[in-house]
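**Q** The lines below spell out each chain.
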Amino acid sequence: KSTQFFSVVSVALLCLVFCSQPTSLDAAPLCTNAEAGCHVLSLANLFDRVIQHSARMHGISNDLHSEFELYFLPSKNQIGRVSRNCHTSNILTPNGKENAQRMAREELTEVILKLLVAWRDPLWHFHQSMTHFHDFIDFSSNKSLKMSDMVHELRKGVQKVVEKMQMLGILSNSVSSLMSPEAFLASGSAEWRLMKDYELLYCFRRDSNKVQNYLKILKCRIVPEDGC
Amino acid sequence: MVCARMVKHLRLPLLLLLLALAAECNSMSKPGKPDKLGCRSPDKETFFCWWTPGSGGGLPTVHRLYYKTEGRETVRQCPDYHTAHSCFFSKTYTSIWVEYTVIVEASNALGNTSSDPLTFDLMDIVKPYAPENVTLVVSIGDNPHLTIQWHTPSNIDTKSGWVTLKNQLRIKLEKSKIWKNYTSDTQTHFTIYNIELGVVYMVEVRCAIDNSAWSEWTNTTFVKVPNFPRTDNSFWILVFSLSLIPLLVAMIILILKRKTVKKYILPPVPGPKIRGVDVQLLKSGRSEDVINAMLLNQRFPVVMPWKDQNEDYLIVSDKETSYLPLEKNKIFILPVAITLDSEVQSKETSEVDRFLKDSESSSEESSEKTKSSQLLTKCPSTNVLNDEKANQLKGVTEKIIQPFGISGYVDIPRHEHTQEADYSRVNEVNSDNILITKKENVPHTLDTQGQEGGVLDDYSRVKEVNSDNTVFLEKHSDSVNASIRAKGYIDWVNQKAKSPHVTGHSEMGVCPQLVGCGYVDTFPPPAVI
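Chains as they are written, first to last, in the numbering used here: chain A, 1 to 228; chain B, 1 to 529.
Everything labelled a hint here was simulated from the structure, so no lab data went into it.
Treat the numbers as computed from the prediction; the structure is a model and nothing was measured.
Ideal Cβ positions, reconstructed from N, Cα and C, are used throughout, including at glycine.
One or more of the hints may lead you astray.
[As the list claims (entries may be wrong)] Calculated lysine-lysine pairs in the DSSO-like style (CA-CA distance at most 30 Å, straight line):
no.: 1; chain 1: B; residue 1: LYS127; chain 2: B; residue 2: LYS68
no.: 2; chain 1: B; residue 1: LYS127; chain 2: A; residue 2: LYS143
no.: 3; chain 1: B; residue 1: LYS68; chain 2: A; residue 2: LYS114
[What the hints assert, rightly or not] Each pair of labels, with its calculated beta carbon distance range:
no.: 4; chain 1: B; residue 1: GLU174; chain 2: A; residue 2: GLU67; range: 37 to 45 Å
no.: 5; chain 1: A; residue 1: HIS152; chain 2: B; residue 2: GLY32; range: 48 to 56 Å
no.: 6; chain 1: A; residue 1: ARG193; chain 2: B; residue 2: TRP179; range: 37 to 45 Å
no.: 7; chain 1: A; residue 1: HIS125; chain 2: B; residue 2: THR135; range: 48 to 56 Å
Throw the hints in and build the complete structure from the sequences for me.
**A** Next comes the structure, spelled out in structure tokens:
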């Protein structure tokens, strides 16, 4: 019996040692100058990762929106529908394939980053407000938290892609101004506080779709490999 | 003149009345409300809307579609009514992530009727067309499989990354009712293994853009999987049939030679059989036949006639006067036989049988006789004499049990005074096979004289035995004939001595060790083992 106990304890210890590695989406850090011990990823691979991430994010936002609609607004196509005044309306986004293709890479990248930056706070606030709705929590509280986390992670991922592109010389250095901490503070216009929850969800669903599509367009323009 | 003026005044109302009458007859009214307004984008770059017109109204009606986009307040009309009751929006008029509001208005002479407005975003109404050119290929071989290929709808641009297609196909057997679904992400081909042979499969494919709605299923494509025999089978069939031929040949040989085989495998066990006895005869059960079979046909071993033998066999158990230069413990048994008349001889067979049954028989004589007869044929391993008889004989001190090492007969000089006692004349043999001897003094001399004379004639006293195992006989001077006989005897002995095999040969019937000074039997030596 003692041998069994010791074996179990040893297995548990080994598991703790090896299983405690945190797994996250960007587990493999980008290495500048190909440092030793780093796992260097190709640009196409990075793009694929962020695109997948954005697809997942859009999926969650879509689910949340339809659940919300089902729960709080059963009747659709109302004439007196709430106006869509998303706080990101002032960001000029291309509204079609040709427009997106005609836009410069740097501009497109900026748009993506602006969108992602603009949604960090509202989503966090939304998650906080959702905790008061006990019914909604049963359904979707996980999703709202996950959504706000994903926005944060995706922004970091896109930043890494931009860095790589700038390193490779594909992108000029004009984009770096967006990623400074001052930009985050500047975007603190509180328009989003006026939005209602349903509008917020609707706006974010649209914007996450925009981000996904823009990333795809960007990828196929910069690294036109398979998948385009 | 007054009528003309009246008609003039009444013209307009009459017309109106007529019109009203006409209208009532045809039920003319405002146009019916257009219904079931729907819009769809097959490629995420353009879209079109359709509607069903309302019921009649009677008058020719015109349908117009008006739309409004989010952010712009201007209402615009459909840019292209390219088919009846539908409106097509080209790329220039299509914007994504922009909310459209579409309304259809039917108007005729009597009025307008509008449909319900439809509000949508382009990304909500994306639904591609079904895939095209579905081809099925059945591949034969070790692993029969079915390869399905198709093309994306021709209007979709997949190169720019704007559209990501995913595909789904379903397959079922023709006779089955259940479809089996498979998902293929962006590949436009799919392979299905583990297909059945000789059946017809039905395949349908559909696709979807991003997370939009699925397209319609393609038209069903049929494929027949041929029921081909596997090439391996023919090889194995050939091998199997070839291996069967030697088996068949072996079987045929076995059947033809079954008797020999049977003999080899199951050797015949000889049944019980008595020579000369017919089993069938015995089965018939007639006792006469049985007796005849059992007794007459039997050949019993030849028994030497007793009457010719006058020898007495003494039990040599005397330790003191031992003629045998042997170990003291070893004692030879020589059964004592009493010569009997021929009367007894008829009882020989029965007595032999009895002896065979018992080693110690109740009848002394019979036992001795049988024993001696046994001895004539061979040396028995054991001889047992009962104590009574042993004690009767003089010179006998013990009962002797000893296997014969050397067989033979030795004559031992009789004690003269016992001669009379040794012989008894058998008086009669009663029913119990007991010899009753008469106590009379047999004129031994008569009998014995003749015999003795014969004995004397036949026997010679051994003088000495030299180292060469040559027996030297003493000339008997008492008898007249003895000398002659003895001479003859000596000759015989000499002849015997000449033969090389005499020396040291036990076939003489004389055991060299035994002969010290005794009588040598003139008879041809019995068969000695």
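**Q** Can the suggested window of 37 to 45 Å be confirmed for the beta-carbon pair ARG193 (chain A) and TRP179 (chain B)?
**A** Since the Cβ atoms of ARG193 (chain A) and TRP179 (chain B) sit about 51 Å apart, the hinted range of 37 to 45 Å is violated.
**Q** Holds or violated: are the alpha carbons of LYS127 (chain B) and LYS68 (chain B) at most 30 Å from each other?
**A** Between LYS127 (chain B) and LYS68 (chain B) the Cα gap is close to 22 Å, so the pair holds against 30 Å.
**Q** So the hint says 48 to 56 Å: do the beta-carbon atoms of HIS125 (chain A) and THR135 (chain B) match that?
**A** Once the Cβ atoms are compared, 54 Å apart, the range 48 to 56 Å for THR135 (chain B) and HIS125 (chain A) holds.
**Q** Sort out whether LYS114 (chain A) lies within 30 Å of LYS68 (chain B), counting only the CA atoms.
**A** Roughly 28 Å separates the two Cα atoms, so the pair holds.
**Q** Within 37 to 45 Å: is that where the Cβ-Cβ distance between GLU174 (chain B) and GLU67 (chain A) falls?
**A** Check passed, 42 Å falls within 37 to 45 Å.
**Q** Quick check on a hinted range of 48 to 56 Å for HIS152 (chain A) and GLY32 (chain B), using CB atoms only.
**A** 54 Å, holds
**Q** Taking only the CA atoms, is the gap from LYS127 (chain B) to LYS143 (chain A) under or equal to 30 Å?
**A** 27 Å, holds
Taken one by one, the earlier hints fail for this structure only at number 6.
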